[in-house]
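Asker: Starting from the known structure of chain A, fit chain B onto it as the hints suggest.
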Amino acid sequence: MIALGSRARAVLAACAALSVLTAFPWIGGEFYVDLVVRLMILAIFAMSLDLLIGYTGLVSFGHAAFFGIAGYTLASLTPAAAPANLVVVLPAALVASALAATVIGYLSLRTAGVGFIMITLAFAQMLYYVANESRAFGGSDGVLILFRPELTLQGRPLLDLEDPTVFYYLVLACLAGVLLLLRSLVRAPFGRVIRAIRIDDRRTRALGFATGRYKLASFVIAGTLAGLAGFLEAAHGGYVSPGALSWHQSGLVMAVVILGGMGTLYGPILGAFAFGLLQDQVQDWTEHTGLVVGLFVIAMVLLAPRGLAGLLSGVLSGALSGAPKTRERPAAPRGPR
Amino acid sequence: MDLAGFLVQLLNGVQAGFLLFLVASGLTLVFGIIGVINLAHGAFYMIGAYLAFWLTGLTGSLLAAVVVGVAVLVVLGIAVERLAIGFLYNRDHLQQVLLTFGLILVLDDLQRLIWGSDFHSVPVPAVLSGAVALTQQQDYPVYRLFVSAVCIAVALGLFVLIQRTRVGMAIRAAASNREMAEALGIDVGRLFTLVFALGVALAGFAGMVAAPISAVYPGMGDRILILAFVIVVIGGIGSVKGAFAGAMLVGIADTFGRVLVPEVASMVMYGVMAVVLLWRPQGLFGRPA
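If you read the sequences in order, they're chains A and B. Residues 1 to 337 (the numbering used here) make up the first sequence, in order. Residues 1 to 289 (the numbering used here) make up the second sequence, in order.
If you're looking for bench data, these hints aren't it; they were derived computationally from the structure. Don't be surprised by glycine CBs; every beta carbon is placed ideally from N, CA and C. Any given hint could turn out to be false.
Stated by the list, open to error - Label pairs and their in silico Cβ distance ranges:
(1) B/R172 / A/L303: 29 to 39 Å
(2) A/G208 / B/V75: 50 to 60 Å
(3) B/F6 / A/L159: 53 to 63 Å
(4) A/G139 / B/F6: 23 to 33 Å
(5) B/D139 / A/L303: 49 to 59 Å
(6) A/R187 / B/L184: 46 to 56 Å
(7) B/A149 / A/G139: 31 to 41 Å
(8) A/L303 / B/L184: 27 to 37 Å
(9) B/L278 / A/A13: 42 to 52 Å
(10) B/G185 / A/A13: 51 to 61 Å
(11) A/A81 / B/L128: 56 to 66 Å
Chain A with its partners taken away, still in its complex shape (with noise of 0.2 Å):
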C-alpha cells in the first residue's frame, strides 16, 4: 500500500465521502434519496450542536428549541394555498431561531456546568409545552405545510424544491456550506477562543477575553444552525410537530453528537449517519426501537466514550500501530460541591 500522511488520508476520504453524496441521487432509489436526506439533515443538526458540547464546552440539553422553532416559522408563513418564497421564509426561520437563542442563552448562561444542562432542557420544554397547548400552531397533532418552499427571484421561479433531486442537492449544499463556515470558525481566533473556553473558563478570562459574550455567540450560531436543520427538516417532512422541540429531540441529537465524536468536524455527520441508519434497520426490525437504541446508546457510553471519530482517527492516524493518543479532554472537576 502506497504510504500517506494521515492528512492526505483524511482528505481523501472527505473527497470520497463527497463524490458518493453527490452522485448518490443516480445510484439510490427514491426511498434511499430521501433517507440519506434525512440523515444529512440530522447531521447539520449534530454539528450545531457539536460547536457548543464539542468545541465551547457549554453541554446544552434543549438544542431542539431552535430545531422546532424554525419549522414552526415555516409553517405559520406558509400561505395555505401556494408555496412561501424561499427567499422569504429561510431568512425569518434562521432570524426566529437566532432571536430565541439570543433570549435563552442570555438566560442560561448565568449558570454553568449542571445548572446549564438542566435550564437549558427546562426553556425547551417550556417551548414544548406552548406548542403541545396553543391552538395556533395545532397543539399536539402539529401543523401541516402543504408546500414546500420555492425559489422565486423578481417573479421568476428558480428551484422548485418540491422535486426530490434539487431538494437532495439543496440539502447537501447546506450540508457542504455548515460544514466549510465551522471549520473556517474553529481555525478563525474565534474559535481559537471557544476551545480555550472549553478547557479553562477562568484561565481565558484571565487572559482578557470577554467569555460569557463568546459563549453567548457561539450560542447564537450553533441555535442558528439548528434552525436551518429545523427549516429544511419541516419544508421536507411538510409537516412540524411539537415533537420537534421535545427533549427526546435534544437528546438524540446529542447522542450522534457523542457517538460520532465531539469536538471533531466529520464526527457528527458520522454519527448522524450511524445512528440514523441503525435506527432506520431497527425500525424495519421491531416495534420495540427505544429498547435496542437506548442499549446501544449505553453501550456506546460504556465502551467507546470517544465515539466514532476516535475509532475512526485511529485508523487514520495509523495508530493501530500503537502510537498513544494525547487528545483527552481534561476531566472536568469531580464530585459535590
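Answerer: Positioned in the frame of chain A, the structure of chain B alone reads:
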C-alpha cells in the same frame, strides 16, 4: 376567587409541592452526594406508578403494593448502579447525561412491553377515600392530605438518616472527600450504590403515592423530570433545603397558574425560574460557583 376556593387551591399547591419535593430531593441527593445527573429519575417515577397500578390489582391493597414496589425499586436501583452508573463516576457529566438518556429509552420501552400503552387509574384506598369539610360548601379529599403527611414523614426520615445516623455521617464524609473517606475504611462504592438506590426508591415512591391522584400513563415521567429539574435549579443544585423551597414555589405557582391564567399555565413556573436565575444564578440555597 373566594376565600374557600383560595384555601382549596393553596392546599392543592402545597400538596403538589410536597409530592414534587419527594421527586426533586432524590434527584438533588443523588447529584449532591455521588455527583451523577440522573435523567432517568422521571422514568423511575413512572415505573413506580405502574408498579402501584399492577400490584394494587394483584394484592387489592395500595399499602402492600407500596411495600413490595419499594423493594422492587431498590433492587432495580442497585442493579442499574452496579451495571452502568457505577462506571461513570470519573467521567464527564455529558456521559452521565447520555447514559441515563439511554436508560430512559430502555425503561420507557420496557414499560410499554410489560404494561402496554393504555391509560390506567389506581383506586384511592377505601379508608382514605372520604373528604373533610373545609367550609359549608367546600370539601377536601382525605387522600390528598394523607399524601402531604406521608411526604412530611419521608422528608423527616431523610433528614434523620443523613444528619443523625452513622450511615448518614459516612455518606456526608464520602460526599465531601471520597479518598479521605475511603482511607478511613468507609466502603464508598457500596455507599454510593445505596444512595443511588435511595434516589430511585424516592422517585418510585412518589410515583406510587401519586398514582391514585393522577392517571398512570406512558411518558408520565417526562413532565415530572422537567419539573424536578426546574425545582433543583431554582433551589440550588445539591441542596435538599433548596429542593423543598423550590418544590413549594413551583407547586403553588403551577396550581394557581392553572386557575388564574389557564392559557399560559405551563409557562408560569418557567417564568419563576427565569426570575430566580436573574436574581440569584446559583439558585435560592445554592453556593455561588
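Asker: Run every hint past the structure and note whether it holds.
Answerer: Hints versus structure:
Distance hint for B/R172 and A/L303: a CB-CB separation of about 34 Å, consistent with the stated range 29 to 39 Å. Checking the proposed 50 to 60 Å range against A/G208 and B/V75 shows it holds: the Cβ atoms sit about 55 Å from each other. Look at B/F6 against A/L159: about 60 Å separates their beta carbons, and that is inside 53 to 63 Å. Range check, A/G139 to B/F6: about 30 Å between beta-carbon atoms, so the 23 to 33 Å window is met.
For B/D139 paired with A/L303, a C-beta distance near 57 Å keeps the hint of 49 to 59 Å intact. The given range of 46 to 56 Å is respected by A/R187 and B/L184, whose C-beta atoms sit roughly 50 Å from each other. In this structure, B/A149 and A/G139 meet the distance hint of 31 to 41 Å, their C-beta atoms being roughly 38 Å apart. With their beta carbons about 34 Å apart, A/L303 and B/L184 fall inside the hinted range of 27 to 37 Å.
Evaluation of the 42 to 52 Å hint for B/L278 and A/A13 yields a pass: the beta carbon distance comes to about 47 Å. Restraint check, B/G185 to A/A13: a C-beta distance of roughly 54 Å satisfies the suggested window 51 to 61 Å. Roughly 58 Å separates the CB atoms of A/A81 and B/L128, a value that falls within the hinted 56 to 66 Å.
Every hint, counting from the list given before, is met by this structure.
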